[in-house]
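Sequence order for the protein chains is X and F. In case it helps, our numbering puts the first sequence at residues 1 to 257. In case it helps, our numbering puts the second sequence at residues 1 to 287.
What the hints contain is simulated information worked out from the structure, not anything from laboratory work. These numbers come from a predicted model, not from an experiment. Not one of these hints is a red herring.
Only part of the chain X face toward chain F is listed, based on derived beta-carbon distances under 10 Å: (1) Leu144; (2) Ile152; (3) Thr153; (4) Pro164; (5) Gln170; (6) Val178; (7) Glu183; (8) Leu195; (9) Arg197; (10) Thr210.
Built from N, CA and C at the ideal position, the CB exists for glycine as well.
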Amino acid sequence: MAKIVSIHSFHGGTGKSNTAANLAALMALAGKRVGIVDADVQSPDIHVLFNLEEDEFDKSITDYLCGKCAIEEAAYDCSRALQLDGEAAVASAGLYLVPSSIRAGDIARVLCEGYDVNLLSDGLRHLARCQNLDYLLVVTPPGLSGETLVSITISDVLVVILRPDRQDYQGTAVTVDVARKLEVPRLLVVVNKVLPRYDLKAVGQAVARTYDAEVAGVLPLSEDVIGLASGGIFALRYPDHPLTQRYRDIAAKLMAV
Amino acid sequence: MRMPKLLQKVLAGVLVLFVAVVVTTSVISGWNLDRLLREQYDSKGAALANDIAAASVETLLNRDASTLQSALDQSAEIQGVSYVFIVDDRGQIVAHTFVPSVPEAVRSLSGNRATTTIRDVHVDGLGDFADIAAPILGGEAGYVHVGMDRAIMANQIKSAIAGTSLAILVVMIALAAAGAMVVIRTVTRPILRLTDVAQSLERGDPYRPEALAGLSKQKDELGQLARVFGDMAAQVKARETRLKQQVEELRIEIDQTKKAKQVAEITESDYFKSLRQKAKEMRTVRE
Ligand SMILES: Nc1ncnc2c1ncn2[C@@H]1O[C@H](COP(=O)(O)OP(=O)(O)OP(=O)(O)O)[C@@H](O)[C@H]1O
Ligand SMILES: [Mg+2]
Chain X
1 MAKIVSIHSF HGGTGKSNTA ANLAALMALA GKRVGIVDAD VQSPDIHVLF
51 NLEEDEFDKS ITDYLCGKCA IEEAAYDCSR ALQLDGEAAV ASAGLYLVPS
101 SIRAGDIARV LCEGYDVNLL SDGLRHLARC QNLDYLLVVT PPGLSGETLV
151 SITISDVLVV ILRPDRQDYQ GTAVTVDVAR KLEVPRLLVV VNKVLPRYDL
201 KAVGQAVART YDAEVAGVLP LSEDVIGLAS GGIFALRYPD HPLTQRYRDI
251 AAKLMAV
Chain F
1 MRMPKLLQKV LAGVLVLFVA VVVTTSVISG WNLDRLLREQ YDSKGAALAN
51 DIAAASVETL LNRDASTLQS ALDQSAEIQG VSYVFIVDDR GQIVAHTFVP
101 SVPEAVRSLS GNRATTTIRD VHVDGLGDFA DIAAPILGGE AGYVHVGMDR
151 AIMANQIKSA IAGTSLAILV VMIALAAAGA MVVIRTVTRP ILRLTDVAQS
201 LERGDPYRPE ALAGLSKQKD ELGQLARVFG DMAAQVKARE TRLKQQVEEL
251 RIEIDQTKKA KQVAEITESD YFKSLRQKAK EMRTVRE
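Let the sequences and hints guide you as you build the complete structure.
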């Protein structure tokens, strides 16, 4: 049965989308069948990272949640991204993206109506079964809105991303506590955008101590990520980059679940 | 202790240099020695030839060559003298010290009536000689020829040069090695010390200025290097501590009461309670 992994951060711009896309790509490269759902309906962006043009998709998670389509209709095969750099993907591997709608009307509608736990949960399970997925990564909206809580509820693993920034500390603490109340089976913390001159290990230890949680990775702020300007998946573009190695370590931890 | 690499290099260089020096000085002194010995031998031979010429006038005029033989034999005993022979006014060899017979190359040798002449001759089977011809009675009664052995000279030169050159080479190399050792020690020791300190910094050990205290006082380039290095190490360490402090400043502060309130706001809603219920159900279903 597919493992559902929610990728969450209390604040926007923390690096959820980038981290999720990289992890999904690396897991697929490792031979897994992976789905990635952009449930951050307020700021849809993962399709950009996968170079899925806006006119290339007309169905989205939003459509599914509004009952306008079946979830598998909104799942776009992105395996081609894996072959971009000539790295032969494992034959059985797969990468499917369920994008979020960029149409303002759809966004507003989902935002005000909210969505049902069962609807999201059933949809994800159905998609996992349809595509025979091993992992389903769900990128949640920031904050602790109903959508996020639903996402956490149905997750096997919750990855909480924070920056070493006071904006993120308190909110992350609340998220961690709430997730524990929801008895999420595994909670991992990822620290992103850490100034490279910091001792990354010490940062990881400080965060682990503070939240009494496992830190799955500490990712430095990287000029190369900024340089890529969301023009692709970093780990595919720079397979030998130290940051990619760090993404790979996190992916390995997820796949060990 | 392993020989420092620097010392090995310097020693190799010194060895090449000294061998070159000793070879050139040997060649020059050999050449000088050859000249000096030649002069000495030649004048010795000329004196001998003149003596014999003076002494043999009488006997030659009396055509009593046999008495000359013993005198010649005695002369040939002198060190460096290879042969002596006398040619009479008709060009006949009347007495000689060759055993058993006079070689052809020697027969044709002539002299000068006015003066004693010296010329180099090569005699097959006997070797190289300086043939010194002294006229007897201005050549009226013939000539005395004395052959000085060049081979003896060459051997003397060789043994003299070889012995001293070798001795000089050994002494020079020993002195140079000792000197180089002292100089290199004074250079490599401090460098090794700096290397040690640098490695300990690399490992992240704290920087102890005492480790370079003596060296930093040295009033030469090494002392300067040690001082610069020490300053650098202190700065690097200071920056490191600053960074560490920054990371420590990263100590994440969380307002616990505020957090409890924020968590409660979420978790105490009915919606949340139903989610919790849902989560429980789902997990039991999956198990
Ligand atoms: N490690 C990093 N180093 C440098 N830049 C990064 C790093 N991670 C993410 N970024 C940049 O930060 C920006 C936000 O990243 P991303 O879109 O992944 O975050 P997000 O949490 O999904 O944001 P949003 O809430 O807006 O969807 C992007 O421009 C991205 O390129
Ligand atoms: Mg995003």
